[in-house]
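Taking the hints into account, I'd like the entire structure generated from these sequences.
There are 2 protein chains.
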Amino acid sequence: MTKSKGLLIILSGPSGVGKGTICRSLCRENDTIVCATSLTTRTPRRGEQDGVDYFFVDEKKFCELKDQGSFLEWAEVHGNLYATLTGEVERLRQKECDVILEIDVQGAAQVRRSTDEGICIFLLPPNMEELWQRIEGRGTDKPEAMQERFRNARRELMEVWQYDYVVINNTVSEAVNDIKSIIMAEKCRVERNKQFLKSFVGKGDGH
Amino acid sequence: MTKSKGLLIILSGPSGVGKGTICRSLCRENDTIVCATSLTTRTPRRGEQDGVDYFFVDEKKFCELKDQGSFLEWAEVHGNLYATLTGEVERLRQKECDVILEIDVQGAAQVRRSTDEGICIFLLPPNMEELWQRIEGRGTDKPEAMQERFRNARRELMEVWQYDYVVINNTVSEAVNDIKSIIMAEKCRVERNKQFLKSFVGKGDGH
Chain A
361 MTKSKGLLII LSGPSGVGKG TICRSLCREN DTIVCATSLT TRTPRRGEQD
411 GVDYFFVDEK KFCELKDQGS FLEWAEVHGN LYATLTGEVE RLRQKECDVI
461 LEIDVQGAAQ VRRSTDEGIC IFLLPPNMEE LWQRIEGRGT DKPEAMQERF
511 RNARRELMEV WQYDYVVINN TVSEAVNDIK SIIMAEKCRV ERNKQFLKSF
561 VGKGDGH
Chain B
361 MTKSKGLLII LSGPSGVGKG TICRSLCREN DTIVCATSLT TRTPRRGEQD
411 GVDYFFVDEK KFCELKDQGS FLEWAEVHGN LYATLTGEVE RLRQKECDVI
461 LEIDVQGAAQ VRRSTDEGIC IFLLPPNMEE LWQRIEGRGT DKPEAMQERF
511 RNARRELMEV WQYDYVVINN TVSEAVNDIK SIIMAEKCRV ERNKQFLKSF
561 VGKGDGH
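If you read the protein sequences in the order shown, they are chains A and B.
Using this note's numbering, the first residue of the first sequence is number 361, and each one after it goes up by one.
Using this note's numbering, the first residue of the second sequence is number 361, and each one after it goes up by one.
Some hints could be false.
To be verified - Subject to a maximum C-alpha distance of 25 Å in a straight line, what follows is the list of computed SDA-like cross-link-like pairs (lysine to any residue): (1) LYS554(B) <-> ARG515(A); (2) LYS421(A) <-> GLY439(A); (3) LYS421(B) <-> SER474(B); (4) LYS554(A) <-> ASP464(B).
Hints are computed from structural coordinates only; laboratory data are not their basis.
Values in this document were obtained by computation on a predicted structure and should not be read as measured data.
What follows is the structure in structure tokens.
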């Protein structure tokens, strides 16, 4: 509508649902959608780059930043620490970029507590069998770790009721299209265009 | 997401903004979006067909139907009566069609009073000069009638605050795309997928 601060989109869902793939695809296809790079203490997986996939830091540095109040959210998942830098997100939104946070359900809950500006999207697998296969197919975990990941995923599904939108990760392109539509629609919301509408309507009272 | 009742979309906006063009274009491009045919007592314009553009009826028939409670909304605009048949809308929604009502702001207000199921979209002209040109360009009215139409349009703009979404009719294709995104996004709303999500999540409490 008019030039304004970018949206804050929270993309979450159970472990293994494919949040990362969807997020990367969205950002690759759209110059104005950016994934805020998270901070983590976990070991980089093969091919992951520091500052691109994550900011990889040690626990000492992580705790320092946490104590400085630099995080929009932080969480421990499977023994590793993850966080989103508030300043990084604000910097991108001020540049009129829509910032997408790809975070687990714990992190999403924290963001919801710290701001009501987020648009919360829950990514669902097409079915539970598919989710199991994805967790298995990742091939980075031992059988017991996979079992735990799957049990966690089942619990995480219960969080869907706290979200605004639900998108099924049937195919990447379908899910990406749904999210693009959600972003476009949210930009058309009357409540997001108050300033522009007030000047257009002239004497609108804006209630 | 799952097969379910179609959406009810209310497309409104000031007189002359181009609601009809957008509505026809949407329905032409999408098999599942249908415009509910309205009832009117006004004289058909050149090229308009009964049962396609409108159901053209006389005032006696109109009042009969009104007294039977058959209308979702009705209104008098520039001396003519218009109405939307509740049964017609329900019939289409049950067939999983998204029903779009192209109605003036008075009619939209009435629909909002009779149901909270409608998604309200306000169509804006790119600017007021453009709106005047469109009213003039229509060429069906006398100068005084055009002046009145324009004054009404200015008043009608104030209604934008009652709507969920605002779409600018810059070009037909842009406006149509925005509305298609709104429809797609609305179908992803958690609150619209409660039944499906309850069965997916299993023991979800659905609050």
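Given the hint that LYS421(A) pairs with GLY439(A), does the C-alpha gap stay at or below 25 Å? 16 Å, holds
Holds or violated: LYS421(B) and SER474(B), Cα atoms, limit 25 Å. Holds: LYS421(B) and SER474(B) sit about 22 Å apart, inside 25 Å.
For a C-alpha distance cap of 25 Å, please report whether LYS554(B) and ARG515(A) respect it. Given pair LYS554(B), ARG515(A) holds - Cα atoms ~18 Å apart, limit 25 Å.
Given the hinted pair LYS554(A) and ASP464(B), is their alpha-carbon gap at most 25 Å? 22 Å, holds
The structure meets every hint from the earlier list without exception.
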